[in-house]
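S.K.: Take the sequences, apply the hints, and build the full model.
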Amino acid sequence: GQSLEQPSEVTAVEGAIVQINCTYQTSGFYGLSWYQQHDGGAPTFLSYNALDGLEETGRFSSFLSRSDSYGYLLLQELQMKDSASYFCAVRVAGTGGFKTIFGAGTRLFVKA
Amino acid sequence: EAGVTQFPSHSVIEKGQTVTLRCDPISGHDNLYWYRRVMGKEIKFLLHFVKESKQDESGMPNNRFLAERTGGTYSTLKVQPAELEDSGVYFCASSQGAGAYNEQFFGPGTRLTVL
Chain A
74 GQSLEQPSEV TAVEGAIVQI NCTYQTSGFY GLSWYQQHDG GAPTFLSYNA
124 LDGLEETGRF SSFLSRSDSY GYLLLQELQM KDSASYFCAV RVAGTGGFKT
174 IFGAGTRLFV KA
Chain B
6 EAGVTQFPSH SVIEKGQTVT LRCDPISGHD NLYWYRRVMG KEIKFLLHFV
56 KESKQDESGM PNNRFLAERT GGTYSTLKVQ PAELEDSGVY FCASSQGAGA
106 YNEQFFGPGT RLTVL
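Same order as they appear, the protein sequences are chains A and B.
Offset between the first sequence (1-based) and this note's numbering: plus 73.
Offset between the second sequence (1-based) and this note's numbering: plus 5.
Rather than coming from a laboratory, the hints here were simulated on the basis of the structure.
Just so you know, these numbers come straight off a predicted model, no measurement behind them.
Treat the hints with care, since some could be wrong.
To be verified - Keeping only pairs whose Cα atoms sit at most 30 angstroms apart, straight-line, the calculated BS3-like set for lysine-lysine is:
1) K59(B) x K49(B)
2) K59(B) x K20(B)
3) K20(B) x K49(B)
4) K154(A) x K20(B)
5) K20(B) x K83(B)
6) K46(B) x K154(A)
7) K184(A) x K46(B)
What the hints assert, rightly or not - Covered stretches of chain A (in silico footprint by chain B; criterion: 3 or more residues with CB under 8 angstroms from a CB of chain B, positions within the stretch not fixed):
8) 117-131
9) 176-185
Cβ atoms here follow ideal geometry from the backbone N, Cα and C, with glycine treated the same way.
M.R.: Put into structure tokens, the structure is as follows:
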């Protein structure tokens, strides 16, 4: 079957750096995405990695190693507003196209 | 441009009742997805429409769930009769394309509570 593993909770202080890891077991893998969701809000897209390596977008970076079936989201210069749930998601071959499979999410608490 | 909208935001019903959730995707997005998140667990794929056609409904849990997208615009997801385990947040998402790299835009979800 398809599965993703990510920590359930992470706590960090404002201004720090935090890394949220994601390991996956899938077939038909195409890429790894990250989504952010604030309480009661819509998940919003952060990044997509199809190739190995690090992609940087402002304070957020995402990394993928296809050979290790592993990726991470790196958040730098943490701000209080970064407190949210972060979901890794894999893009895999599905019926007639592609399908997105999500992890259970990592709840990030940023403390002052 | 308006984002994905969902109605209602919350619904509380009793076991055995029927509930219909609605999703309005971003205008022009042919691809529409339904997902469900049960408390603390993963956001689970339910199905995928391309325009009015069901492209992939492999995630639908059972025949108590019926999704439609008549006319290829908004979509409804009906649960009949609802059971306790159907409680959760139902998300709708839409995208312009359905390629491997494909940003999905999510709605805020409908929180369904079955008592």
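S.K.: Tell me, in ascending order, the numbers of any earlier hints that this structure violates.
M.R.: 4
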